[in-house]
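Enquirer: So you can see what is in the structure, the chains are spelled out below.
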Amino acid sequence: MEMNEETKNYFDSIDHEVNIVLDLANRCRSKGLDPDNQVEIMLAKNMAERVVGIISVVAPELKGSGMVERIKELEAEYGMQDWRIALKIALETAQEKFVKFDEKVKAMEIGIRVGMAYITNGVVSSPLEGFTKLEIKRRRDGGEYLALFYSGPIRSAGGTASSVSLIIGDYIRQNMGYEPYDPDENEVRRMCTELTDYHERITNLQYFPSDEEITFLINKIPVQIDGDPSEKIEVSNYKRLDRIETDRIRNGVCLVTGEGIAQKAPKLWKQLSVWGKDFGLENWNFLKDFVDLQKNIKAKKAVKPKEGEEDKVKPDFTFIKDIVAGRPVFTHPMAQGGFRIRYGRTRVSGFSADSLHPATMAVLQDYIAIGTQLKVERPGKSTIISACDSIEGPIVKLEDGSVCKLDSVEKAKAVRDKITEILYLGDVLICYGDFFNRGHGLVPVGYCEEWWAQEVLEAADKQGKGYFEELLEKIKKDYFCKITLEEAINISETFGVALHPKYTYNFTAITIDELKEINEWVKSGSFLEEKVVLPYNGDGTTKRALELLGVPHKVVSNEYVVVFGTDSKLLKFYFDNLDFEKGSVLEALNKKFPIADKLGTSMGARMGRPEKAKMRKLTGSPHVLFPVGEEGGRLRSFQCAVDVGKVRNQFPIYSCPCGNESVYPTCEKCGKATKKKYLCKKCGMTEVQCHPEDIVEYKMWDLEIGKYYDSAVKLSGISRSMLPELVKGVRGTSNKNHVPENLVKGLLRAKHKIYVNKDGTTRYDMTEMPLTHFKAKEIGTSVEQLKKLGYMKDTFGNDLVDEDQVLELKIQDIIMPAPQGTPEEGSDGVFVRVSKFIDELLEKVYGEKGYYNVKTKSDLVGQLVLALAPHISSGAVGRIIGFSDTQGILAHPYFHSMVRRDCDGDELCCIMLADAMINFSRQYLPAHRGSTQDAPLVLTSILTPAEVDDMVFDMDIAWEYPLELYRAAQKCGKPWDVKVKQLGSTLGTEKQYYGMGYTHKVSDLNAAVNCSAYKTLPTMDEKVQGQMVVAQQVRAVKTDDVARLVIERHFIRDIKGNLRKFSMQQFRCIKCNEKYRRPPIAGHCTHGKCFGKIVFTISQGSIVKYLEPSLKLAQQFKISPYLQETLDITKMRVESIFGKTEDKQEGLVKFFS
Amino acid sequence: MTVNISKEVLHSFLDKGFLLSPDILEEEGFDTDFLNLVDTRILSKEKPVVIGSDIYKGVSKKGVTGINWVEFEKSRVLHEKGKTNRVYSSFLELIFDEPKDNSEESTGYTIIKKEEAPEPKLETIEEVAKEIQSQPVVEEVVEKVVPEIQTPQEQTNLSDSDYPLKVVTSYGDESKLREVKDFVGHYKSRYEFLRKIVASRQEMQNVISINRTSSKERNEKVALIGLVYDKRITKKGNTMITLEDTTGTIRVVFDPNKAKGIDYLCPDELIGVVGKVNENFMYASEIIFPDIPEKLSVKKYNEDICAAFISDVHVGSSWFIEDKFLELIDWLNGKHKDPNMIELSKKIKYLFITGDMVDGVGIYPNQDKELTIKSIRGQYDRCAELIKMIRNDIKIILCPGNHDARRIAEPQPPLDIYAESLKQIKNLTLVSNPAMINVLGTEGFEGFDILMYHGYSYDYYAANIGPIMMDGGYDRGDSIMKFLLKKRHLSPVHTSTLFVPNGKEDYLLIDHVPDIFVSGHIHKSSVSKYKGVTNIMGSCWQYKTDFQEKVGHHPEYCKVPIFNFGSGETMIVDFAPENKVPEIKNGNE
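Respectively, the protein sequence lines represent chains P and X. Counted from 1, the first sequence has number 490 at position 490 by the numbering used here; the numbering is strictly sequential. Counted from 1, the second sequence has number 276 at position 276 by the numbering used here; the numbering is strictly sequential.
Simulated from the structure, these hints should not be mistaken for lab results.
Label pairs and their computed distance ranges (CB to CB): (1) P/Q1115 <-> X/N464: 39 to 49 Å; (2) P/K300 <-> X/N366: 20 to 30 Å; (3) X/Y364 <-> P/P1121: 16 to 26 Å.
Residues from chain P shown here face chain X by an in silico Cβ test under 10 Å; the list is partial: (4) S236; (5) L1059; (6) Y1076; (7) F1096; (8) P1121.
Since this is a predicted model, take the numbers as computed values, not measurements. Ideal placement from N, C-alpha and C gives every residue a C-beta, glycine not left out.
For reference, chain P alone in the conformation it holds in the complex:
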């Protein structure tokens, strides 16, 4: 692989460090204090190793079977990530070319898993848990066909991979001699009903195919898409079919059919049409007909655009429908005054991450912070927000009627409390790559500096530079450079380009009549030096037009409207040059040179998830995975259990030569290795696995907990007086063999105030954010430290000397969150303590030297972590190089892509590498389905760009977007009509590791709101209040509609749902927590000798909590009579069950009165 010396050294140093930790962990593990004597995370350097690593969970025999070599061989033949490799390797596995299996069906099943693992880069756990099993079933004519079973975790594979698994299944079917599936009419109808039910009653499918599409597909797909029941509710029709075992809804089936094959058919056909026949997959040619069918359906559905509107961008209301109370709507779809779309990418955006001006974030009541997810109208569904101060900020109107433009956080904060209306929200910066990746047509955008600059340069190239040479040079160097009004007018006059955007008002926001009115008004004013004074009689109509233009002005003593400085000159310039002969506003202004449309397209958005940075805690926040049973009391503490004297729970059984019977593989008394024992139904206690069917590896103990606790205290070396007050365990272990962690780890974790996750590690969760370049000062790391880490030069090739220089991020480096003033502790504090815990564990328990020796957060710089995303079973090694004030984990897009995520609001967790290697065990993982999701089964130490999820390859890395982009956008062209440099173009070259560009500068990536108000406001009332304030202030939000949506989509549904549940609810014993599906007629708990009090699981409070807020909203804002009646009836229904509700919700009452 091509890479320069620096890159090579970088990877070598990471690899070296990983191996040091691995050796250390293996030494520790060999002491026998853990469930396994060696590190249980498989290290993988490439995709082939990852595939084998993941599948070895179900088929350990594949390790060392030659599969890795074979995959590499196939990769050499077809190229990386080619589906044909998956088909071949799957079939060869099914044919038992690598290893023999007990049964043919098992071989085929593993084959499909291997193929899927390859398609999903060997990263996700879908091949293990999303595809649950393969069954051979009978055709009606007696022949045999294959049924593939799917479950929920198939979601993480994505639509493409899940549908490719069907092709793999069919390829194996054909070659192993099975017949195609012969669905009957009822089975087909069942699928139609099931998808509809799933879509309407469970959750929205991304793509919801019509019955016609489903019928077509199910009749043609040669294997049966089957699955285990996942939902509580049953399908509404077509039940009790002999070849579909369950009547309940199967989410796996719905996902594979809807979001899988139906949605991805064009993509599948694109591939199969090329090489399908080479693999004997001509029977999949129906995909072509299917794609045509989809087109036909689409064509029929599509409303023909009106004459002249063919190219128009249309509003999309999808994002606003799932409104959540307390999370504001910022812009209605395409509403004027909302987020103005601007093309570009900063060093902290792109890859499904957009940027807003920090002042915009400040005026929106702090609801949007860096890292907050927005649900948006386009190009995708959601995005993560970062700050960019080189784009336009908001224009606001204040209490006294003045209008000002806010271009800094300071200005925004100064006027924030006086704002009555946010006229314009400012820009949202969206990168080209996202439009490209989503296949979203380009939308016309408002005039902006980078566009203007290129038009000027283009014109100058054609016409000659004249006496503008120096100025043009300045523009060429920096599109965003300062241009005076005089220069701007001169340039436009000379080159015939539109006036500089800074001097262009939002003319398209007003009508020609309004322009005339303003003209009259301005003419009546007095023009002084540096200001224009207009008479003002309090009549707002003409002034309104001035406001909409975005002309900053002050209202003085309610008698005069004053425009200051450049704006006064500009106003004079415009109104001296009007020509009303022409029809439109822009044409009327266009006397000397064109005036451009500054508004372009607005994008609708509402708040999605708030950002997150938090240590993960299990329920009850245990310090150790050691059971305390009922004896641990309410706090699940060992102190409590020790007082009781025992813990009754299931534990493994070991016996020591010294006569001690222990729950550990190493005797806690004498320190010798113990012998494992089994409990056999037939023979009782045994040391051999006499009857494999009848043995279990654990028994019910009345464990003398004091003994274990004392020996753990001794081992931990903590003096009695220094013991932590509370060490918390789990109620019971949920893993198959009831393997506990060593208790000593709990004591040490409690001492260092850290908590354990279900797999034995300590994790920190963060919002994922992209980063390609950074400055030393932003991450709190000194220039010297950065040099040690290999950052010798800045982005532009200069030696690194100053903390303000822009550096290009290395692909496995990460910047962790260390925010101030957030409800949760930053990662710095947590990881310092984890390091101390690890060192103490090494020294006291494993007899090793300390590894981290960390005192402060800057000591963490250079340390390695294991990063893992939800639903993923393969971690990636990251290197900490600093800490930001945000709550996001700032990492290279490649790095996010490695864990198969884009940055649209997902989260990532990090584990200190030594913690993961020493403390993780597969044996701790719960026995139920889905437990391998989110567990580091495999670890990729070196990131290979060609092996990451291919979505990232669409990200653009140009230093500027070409003029053609803006011109194509005016015509609503397609993204692929324009060429912008993308990451994919560098693959396989040295340039894949560095040399990326960005189009917009950011002075400081931390400089904006760092914690969303959603997180700091304590109650729902206050959140809703804030939401309504935003709705009332932002011009682009229809306040009544927000009130309606909050009531209709959130509050009423919630009240109704809970009201419904109330009389069908479960009951619970307050003492032993036993659940009852209805109250026992004894009136008290009948579980054992408990006699505890029985209480509701759904309280009155949870039902009525939204009633008053809804009623108040309905009072304050205008909602339809229909909704009002629905609300009134709902109120009546609540009162009929609980009595009249008192007016307790003062918060909202106060606020709205």
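Could you slot chain X onto chain P? The hints should help.
Expert: Same frame as chain P, but now just chain X:
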């Protein structure tokens, strides 16, 4: 007080095969008329031989059913001999639906308990007696005092020529905070009421309380009564339930070959089981459901008076079949091409509407897009207009359904707010859901009891009870109604409908067996008979909706069952749009 009874009287009883016990002469108001009552009130084939004051007192007030008279008389003898009054007193409870003279009886228990070795059942009954003491059971249906009640309401403002209508039971709106104890009381009252019905059955001779099973010999045969707490199928395919009474719980596995009706078992219903016990486990060979007694004689009115039954009109819905509904009104008003039809319509004096008169608002998401009248008041106003068109000598009885502007949780009080325009109509009586109505009752004739229940719980049973599903589920309203009569409950399963408990009474119990049981909700009419009860399911006045299409329902609209009180027969008048002339079908099968 002694009443002089002539020999004639004695003979007339003798002729019928009854002996009179001397103590009956002590009873006030005893006379030969009672002989006529014996046949109608004792609702079993076997009749008692000796009629004493105990039978007289019970039977003179109400019908008595499910009693093994031979056993009863044996127990009376034992009681009179002073040996044991255990069985006898439980019979009496059944006859009276109340403990017989509590103070006296409980002393009796105590004495026996002291003198004899305590019999296993003793405590159970004692307990029951105590519980009954603390919660007196209301004596008679017609006089029933309903805690939440605003009614009984009687139509007094109509002229004498009107046919009588009496609201026996209708539940008002009691606004109070519901607590856990209300739910407990709900199930407890269900247990107590149904227990008595089951306990009187012959098979229940050896009934003991669940906590006594542990002291039983292994494999000893016993009987238990309790509520089903849960039901599941074991690995071997047997049905296993947890049975619960006030003393404890026990697991019961059924012998699949012997236990009839296990497929019909549902959670939270009361059953009796007979089987062998083995520690906290029973292997049962028999299930006893409360069931209703067989009505032997067909009640008939001396005139051909008819009632029509409709439901699910859905006024306001885009799918409301208004033209056909107007046709129905025309017919009721005597406008029809066919003279026979006009003749029939003249006989109709009652119209029952079993819920969902309107489509409502906010019932399902985006409902407003499927409404022609978007305001609930508007919908009721239109209803009022329609109902007012009906000739005013027809008495109309209307209960709410799940689409109406009332709480959905049952019992739903009568329509009130939003339905002001309906309240103005004189010949319209608004009742709760469920409600019991008596028509044609006069001094000399007890009239017909009609149980109205909209049927919201039917969704659950159509989808969850194996044999009903197999029968056609939603298409078989008759199966569901029969099933519920057997359970003596409109919605036995905890999660099968929304209900509001008040802690004292289970409103959805079928405590009093009606003559006619009428429902709606499933949009398909049917008429059937079960043990003498006529089950009527009203159809609907709404075309098949997209939702129904999706879930595979097969609604049949515009069919009107007509019950003739004179003949006891039912027919269905069809207004369905396909048929130009409504077709008359005889639905009484």
